[in-house]
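2 protein chains.
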Amino acid sequence: MEKLSSMKNIVFLKLGGSLITDKSSAYTAKREIIDQLSIQIRDAMAENPSLRIIIGNGGGSYGHYAVIEHDVTDGIALKKNAIGFSYVQKAVTELNRIIVDSLVNKGVAAVSFHPSSAVTGNDGKIDSFCVDSLAEMVKVGLTPVMYGDIIVDSKRGSMIASTEMLITAAIEPLKRHGLQTNRVIHNGIVKGVLDKNGNVISQVSHRNFSRVKKSITKTEGYDVTGGMLHKLEESLKLAENKVQTLIINGVSARNLLKNALLDKKIIGTVIR
Amino acid sequence: MEKLSSMKNIVFLKLGGSLITDKSSAYTAKREIIDQLSIQIRDAMAENPSLRIIIGNGGGSYGHYAVIEHDVTDGIALKKNAIGFSYVQKAVTELNRIIVDSLVNKGVAAVSFHPSSAVTGNDGKIDSFCVDSLAEMVKVGLTPVMYGDIIVDSKRGSMIASTEMLITAAIEPLKRHGLQTNRVIHNGIVKGVLDKNGNVISQVSHRNFSRVKKSITKTEGYDVTGGMLHKLEESLKLAENKVQTLIINGVSARNLLKNALLDKKIIGTVIR
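Chains as they are written, first to last, in our numbering: chain A, 46 to 317; chain B, 46 to 317.
Hints are supplied without guarantee of correctness; some may be wrong.
The list treats identical chains as one, so a pair stands whether inside a single copy or across any two.
[Stated by the list, open to error] Derived BS3-like pairs: lysine-lysine, alpha-carbon spacing no greater than 25 angstroms straight-line:
id	residue 1	residue 2
1	Lys-125	Lys-151
2	Lys-75	Lys-135
3	Lys-184	Lys-135
4	Lys-125	Lys-200
5	Lys-220	Lys-200
6	Lys-151	Lys-309
7	Lys-236	Lys-125
8	Lys-200	Lys-184
9	Lys-282	Lys-170
10	Lys-125	Lys-184
11	Lys-184	Lys-170
Hints in this document: simulated from the structure, not taken from any laboratory.
Only chain A is shown next, with the shape it has when bound in the complex:
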C-alpha cells in the first residue's frame, strides 16, 4: 500500500459494450475478447508498475436489452415498476462480474466498483458521486472496474448512468483525493473516429468537431446511451480540463491496448 505523498496520475479505460458483448444478441459476452483485453492490461501494468487504471465497462447487450425488456428507459417513478431496477441491476452486474473475473484470472487485482451504491441522479443527470472508496481502492493497489449502471434518480426514480457520464463525473472529485486523470481511453469496436472513407481521423478538437460530426457513422445494434457522438461530446468537455481522450480498438492489432496504456504511438483518434 502506498502513502498519499503526492498527486498520482490515473488512466480511465472504458471497455466498450459493443466490443465485449454481442450487441445483436441479448446477454452475450465475448469472453475471448475480454480475456485478450485482460492480458494486455496485466502486461501493461507489469511493464509500468506505477500505472494506475480505473476501468469502466459498457453495458452492451446486457444493459441495453435489460433496460428495454424491463421498461425502465424513463425511470421507475411513473410506472411504479421499481422491480425493473432490480432486473437491470442484476444484468449489468453480471457482465461486470465476467470482466472482473477475467482480469483476476489473468492476475490483475481487479475489484467491482458499483455505481448504484455510490452515485445518485436527478432528472437524468448525475447529482452526486461519492468517490471515497474508488480513490482508496486505487491507493491500496486495486484496479476498480465500474460500469454503465442503473442508479437512483430523485425525480425519475431511476436513470441509466453511462460509463462516459460516470468517468466525467468522477474526474473532479478524484482530484480532491489526490488522483489526477491524465487520459481516458475508449476501447471499442472502431479503430478511432472514422471519416467518410473509413479512415481513422487522428485528432479531434473543438476546431474540427462540426466537420467530424457529419462523418460519424452510427454504431451497430442497440445503444441507449448514444454511441460515438455522445463519446465525442463528453471527450471535448474533458479536453477543456486538460484530459486527453483516446479512441481505439485494442484488439485490432497485436498489443494495441497495451501500447495505448503505456502511451506508445498507436493507431487511434486523440481528442484534445
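Following the hints, complete the assembly by docking chain B onto the known chain A.
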C-alpha cells in the same frame, strides 16, 4: 416514488450468516431457508405498505472461508496480497446475489447495496459511509440489501466490515437524509439470547448485560466477526440512541419474521 415530506421510519433486518449458509461447509447457501425468509419479507411489506426495510446479510460460510482461504484477516497491506481483496469480494457478492435474487423472485424490489463501493475503513474501524444512494434507494421504493463485505482500509489496505458494524455506522447519516431507524432485527439461528438452560432471555439492557454475558454460548462454525457477544455489544450502543434491537429466528415458528417485521408479539430477545 415518494417525496421526502417528513421523517420516515426504517427497520434494519440482518439475515445471519449462520442461518442462510451452512457455516460448516464452504460457499454453501441454504436456499430453502432464504426463500422462506423472502416470502415472509414480501408478506410483511404487503400487509404494511409503509414498511421500509434495509436488509443486511451476513457472509456466513462465503465470507468466513474466503477471508481465511485468501489470507486477508489482517488486511492486504503488509502481505502485498491485493488480489485477496478481489477473491473475498467475489465470494461475498455471490451470496448477496443469491439473497437478492430470491427476494426479487418472490416479488420484492430488492437491490444490492455494495459496502465496498460506499464505505471506507481506517485501522479496522469504519471511517466513512456514504449513504446517499442507500437513502435514495429506500425513498424510491426499493429494498436495499447490503452485506458483510471487504472494504478498503487506509492503514491495513483492507478490513472486513461486518453487517453489524455497517448498520451501526449507517444509522446517523441516514437520519440526516430523513430516515429514522427504529428497530434492528437480527434474524439468526438462535431464537434469542439463551440462558444456561437454553431458554430465551426476553430482554437485555445495560443493567443485566454482565449477567447475560456469562451465559452466552458460542455460535457454531467459523465467525470472523465475533458472534453473539459482538451483536449484543453493538446493540447496546444502539439502545443508547433509542434504537431497539430484536434477536430472533424467523423460521423457528410460522411467520415469525413476518410478525417481527410487523412489530407483533413474538418469541425473541429485545435489547433496549
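Results for each hint:
1. In the homo-oligomer, the alpha carbons of Lys-125 and Lys-151 lie at most 25 angstroms apart only across protomers (17 angstroms), although the nearest pairing inside one protomer, at 42 angstroms, exceeds that limit.
2. In this homomeric assembly, Lys-75 and Lys-135 come within 25 angstroms of each other (Cα to Cα) both inside a single copy, at 18 angstroms, and across copies, at 21 angstroms.
3. For the homomeric pair Lys-184 and Lys-135, the shortest alpha-carbon distance between copies (20 angstroms) is at most 25 angstroms, but the shortest distance inside one copy (28 angstroms) is not.
4. Taking the closest pair of Cα atoms, Lys-125 and Lys-200 come within 25 angstroms of each other only inside a single copy of the chain (13 angstroms); across copies the shortest separation is 44 angstroms, beyond that limit.
5. Proximity of Lys-220 and Lys-200 under a CA criterion of 25 angstroms is satisfied inter-copy only: 21 angstroms between copies versus 29 angstroms inside one chain copy.
6. Taking the closest pair of Cα atoms, Lys-151 and Lys-309 come within 25 angstroms of each other only inside a single copy of the chain (23 angstroms); across copies the shortest separation is 53 angstroms, beyond that limit.
7. In this homomeric assembly, Lys-236 and Lys-125 never come within 25 angstroms of each other (Cα to Cα): the closest approach is 42 angstroms inside a single copy and 37 angstroms across copies.
8. Proximity of Lys-200 to Lys-184 under the C-alpha cut-off of 25 angstroms is restricted to the inter-copy arrangement: shortest distance 11 angstroms between copies versus 34 angstroms within a copy.
9. Proximity of Lys-282 to Lys-170 under the C-alpha cut-off of 25 angstroms is restricted to the intra-copy arrangement: shortest distance 15 angstroms within a copy versus 39 angstroms between copies.
10. Taking identical chains as interchangeable, the C-alpha atoms of Lys-125 and Lys-184 lie at most 25 angstroms apart only when they sit on different chains, with a minimum of 13 angstroms there against 41 angstroms within one chain.
11. For a Cα distance limit of 25 angstroms, the shortest separation of Lys-184 from Lys-170 across copies, 18 angstroms, qualifies, whereas the shortest one inside one copy, 28 angstroms, does not.
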